[in-house]
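Sequences and hints are given; from them, build the entire structure.
Number of protein chains: 2
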Amino acid sequence: MKVINLHDLDDTEHDVEHGNWRSRRFVLAKDGVGFSFHDTVLYAGTESDFWYAHHVECVYVYAGSGTLLNRDTGEEFPLAPGTVYLLDKHDKHTVRVEEEIHCACVFNPPVTGREVHDEHGVYPVIHEEAATA
Amino acid sequence: MKVINLHDLDDTEHDVEHGNWRSRRFVLAKDGVGFSFHDTVLYAGTESDFWYAHHVECVYVYAGSGTLLNRDTGEEFPLAPGTVYLLDKHDKHTVRVEEEIHCACVFNPPVTGREVHDEHGVYPVIHEEAATA
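Chains as they are written, first to last, in the working numbering: chain A, 44 to 176; chain B, 44 to 176.
Incorrect hints may appear among the rest.
For chains that are exact copies, the list does not tell them apart, and a pair is met inside one copy or across any two.
Stated by the list, open to error - Derived DSSO-like pairs (lysine-lysine); straight-line CA-CA distance at most 30 Å:
no., residue 1, residue 2
1, K73, K45
2, K73, K132
3, K135, K45
4, K73, K135
By construction, these hints were calculated from the structure, which means they are not laboratory data.
What follows is the structure, given as structure tokens:
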């Protein structure tokens with residue numbers, strides 16, 4: 044069992060800030076559980092394009108509001124507490140934030156923590172052996 | 044892309060109530076993404092024993108408060124918004140709830156939605172082919 048508080052991650056290597064957003068990673072590839080698990084804050088008034096060509100992502104908004112655009116289809120969806128979006132087709136998407144959004148995110152394959160979004164907003168896949176704990 | 048609101052699941056087959064808790068399942072094995080993703084409410088004043096002998100679970104408390112007991116080690120941990128606990132060793136555990144707890148839960152292998160906790164609080168593994176969408 045591992046117990047971690049969000050603020051335990053502040054200003055550590057598990058705390059990644061990138062202009063429009065901040066992501067704190069509770070569970071990464073090295074934990075060896077088959078997914079990674081992050082808390083992400085998307086700042087008010089921002090608009091960000093994302094595309095995970097190599098990962099499935101599930102996002103659960105638990106605070107804040109905004110709009111999700113599926114750039115592959117043109118569909119728009121409101122984001123509010125209780126909204127989940129599952130990117131099961133590597134969907135290109137844009138998030139526009141009204142009130143600061145706080146969300147829980149799951150990635151499969153798990154993120155190692157060393158990826159950066161490239162110019163297309165794509166995370167590369169980095170293979171890492173799970174630590175044997 | 045799938046977009047689901049928590050209340051879309053109310054009183055559907057994805058809404059499972061079990062005395063001390065209620066679990067609404069956004070993502071299940073049939074979604075074929077390698078994990079399941081649930082919102083779980085644990086009711087105030089309750090105490091529940093859990094043991095997932097066959098699954099890894101990650102729990103993120105985003106509202107409420109209580110105490111987590113690791114029954115394998117006797118350790119206790121406070122639960123509050125921002126607490127994650129990762130059951131990476133099939134840890135036997137007990138959750139005591141002060142204020143109603145709301146949490147996001149990830150299971151690997153993914154839950155099919157047909158499991159019930161048996162007398163040991165154990166979910167069996169049920170194999171299901173992923174739907175090809």
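task: Give the relationship of K73 and K135 under a CA distance limit of 30 Å: within one copy only, between copies only, both, or neither.
output: both (27 Å within a copy, 23 Å between copies)
- prompt: Within a copy, between copies, both or neither: where do K73 and K132 come within 30 Å Cα-Cα?
  reply: both (25 Å within a copy, 15 Å between copies)
- prompt: When no copy is named, should K135 and K45 be tagged within, between, both, or neither for a Cα gap of at most 30 Å?
  reply: between (33 Å within a copy, 13 Å between copies)
field: 30 Å Cα threshold - placement of K45 relative to K73
entry: The answer is both: 13 Å in one copy and 28 Å across copies each meet 30 Å.
Of the numbered hints given earlier, the model fails none.
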